[in-house]
Structures are given as structure tokens and as C-alpha cells.
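Asker: Build out the structure end to end from the sequences listed, making use of the hints.
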Amino acid sequence: MPNIIGVQFKEVGKVYYFSPLDVVFSVGEGVIVETTHGVEYGKVVIANRDVDQSEIVGQLKTIVRKATPDDTRLHNDNLARRKQAIKLCEEKIAKRNLDMKIVDCDYTFDNSKIVFYFTAEGRVDFRELVKDLASVFKIRIDLRQIGIRDECKLLGGLGPCGRACCCNSYMGDFERVSIKMAKNQGLSLNPTKISGLCGRLMCCLKFENEHYVETLKVMPKVNSEVETPDGKGLVVAVDLLKRTVNVKVATEGDEVEIKTYTLQQLNVNQCDVNCPCAEEEEDVLED
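FYI, the numbering for the sequence shown is 5 to 291, going by our numbering.
Cross-link-like lysine to aspartate or glutamate pairs, in silico, EDC-like; alpha carbons within 16 Å at most: (1) K135 to E94; (2) K91 to D110; (3) K117 to D146.
Label-pair restraints from in silico Cβ distances: (4) S192 to D54: 45 to 53 Å; (5) V43 to K87: 16 to 24 Å; (6) T255 to I152: 49 to 57 Å.
Derived from the structure by calculation, the hints contain no laboratory data. Idealized CB from N, CA, C, for every residue including glycine.
Answerer: In C-alpha cells, the structure reads:
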């Protein structure tokens with residue numbers, strides 16, 4: 005089993021595996037690694053440990069070295085320079101009258117390149133802008149267009165729940181979210197009710213979806229007939245969290261009463277694993 009360390013390049017970003025060679029790391033230590041974008045400074049979020057080969061995607065790259073105090077100082081200086089770089093870039097964009105918005109920027113650790121992240125409604129011809137920026141910074145310039153979900157992850161904010169956005173506070177990467185998940189939970193399908201700051205489906209719809217999918221397999225459907233301790237009745241509502249069912253049953257004198265039963269009290273046919281109600285719809289909101 006390969007020995008790895010987990011490295012993050014942003015405070016809340018995807019975790020990448022690297023081979024530590026014979027160096028022992030602790031969580032929070034800095035490390036210098038070679039990436040597809042050049043030499044980068046990252047922080048260890050997973051200390052040395054063995055993982056199964058199936059968890060390794062592609063070839064496992066090795067670290068360059070453990071970060072020194074000078075490396076950390078240079079990295080912090082690069083972070084401090086970002087604000088001024090963004091301001092200069094915004095001035096050049098306004099001068100060129102380009103329909104784009106700068107969201108963030110990053111200096112590579114070795115200062116060989118600066119990457120600007122921007123959003124735009126469509127494609128933007130920024131060739132002249134790159135020349136303007138290169139003449140100011142005197143290094144290689146890279147402009148990358150990102151989606152609205154990526155913008156929200158970079159900038160952060162408070163979600164409809166009043167808490168910091170999940171993507172910006174702790175989620176390393178986005179997960180697939182679909183309208184089916186909202187339907188499973190019995191939520192309103194009003195877009196304003198189930199969308200986050202980015203205007204896309206809220207990431208938290210995914211968190212409890214497995215529980216709802218499994219519960220739906222054993223719960224009777226509304227308007228179906230079930231056998232209760234008080235005789236046959238018609239299902240009028242279900243509570244997926246409590247796993248209880250409200251059933252309309254006939255009482256003495258032909259009166260009708262709605263009673264609440266647990267699943268154990270009902271004689272219901274559980275769905276098969278391959279039941280269509282457990283299938284996911286492909287109506288995912290993409291960037």
C-alpha cells in the first residue's frame with residue numbers, strides 16, 4: 005500500500021495526494037510540491053498514512069521538500085499581493101471595456117505566473133488584456149473563466165440557512181445534486197427555496213439524501229391502501245424522518261378518523277432494491 009500525505013492549496017479546497025518519500029509530516033505543516041501548474045506551496049491536511057492503491061488517481065507525485073520559514077514567508081507575501089493585482093486587473097478591464105468580472109487571483113510559489121479567475125456571460129476575447137497585464141507584472145499571465153458555483157466557493161457568504169456556505173467553509177469539492185433529491189425530501193420545488201447564493205441547487209440537498217432514499221423504499225405511498233391494527237385504511241401522509249404514516253381508517257358508526265402508525269404496525273410491501281422510486285433523475289443544475 006502506498007504511503008501518502010494529503011495536501012491542500014487553498015484553505016477550503018480539494019485534497020491532493022503526494023508521496024512524502026521518507027519525510028514525516030504533521031497536519032498543518034507547509035510543503036513544496038510540483039504540480040501541473042508549476043511549483044506550489046501547500047499545507048498538509050492528512051499526515052503520513054497508507055492508503056489502498058484504488059484511492060490513487062493517476063501517478064502519485066512526490067514532494068519537493070518540506071517548507072522552510074523562508075518558503076512560508078514568500079507564500080504569505082504572495083497572498084498579500086493578490087489584492088493589488090486584482091485592483092490593477094480591474095482597471096485594465098475597465099479601460100478595455102470588457103464584459104467580465106475578476107473574482108480572485110493566485111501567484112505561483114516561484115512567481116513565474118499569475119492566474120486570474122473571472123466570470124462572464126459568454127466567451128471573452130482577452131488577448132489584448134493579457135498583453136496589458138504582462139507589461140505591468142512582467143511575468144506569465146493566465147486568465148481562467150470559472151462558473152458561478154466556483155465564484156461562490158471562492159468568495160463565500162451566508163446561505164439561506166444563515167450559516168456560511170458549505171462550499172466555502174468545509175467542502176473540498178462539489179458533489180452532484182439533482183431535483184430528485186428535493187422531491188425525495190418533500191421540499192418545495194420553488195427555485196428560490198432550494199437554491200443557494202450561486203443560484204444553483206443547494207449542496208446540502210445531498211447530505212441526507214441517502215436516508216430519504218432508503219426510507220422511501222419501505223414507506224407506503226400516499227393514497228395507497230394499507231393494513232393497520234384497526235383494519236384497512238388509506239394513507240394520507242408520511243413522515244420520512246420519524247418513519248410514521250398517517251392513515252384514514254373507518255371507526256364504529258362508519259365515521260372516519262386519521263391515525264398515526266409506525267412502520268412496524270403496518271403490513272406494507274417494502275420496495276425492491278431496484279424499485280424505480282429510488283432512481284435518480286438526471287435533472288442536475290450545471291454551471
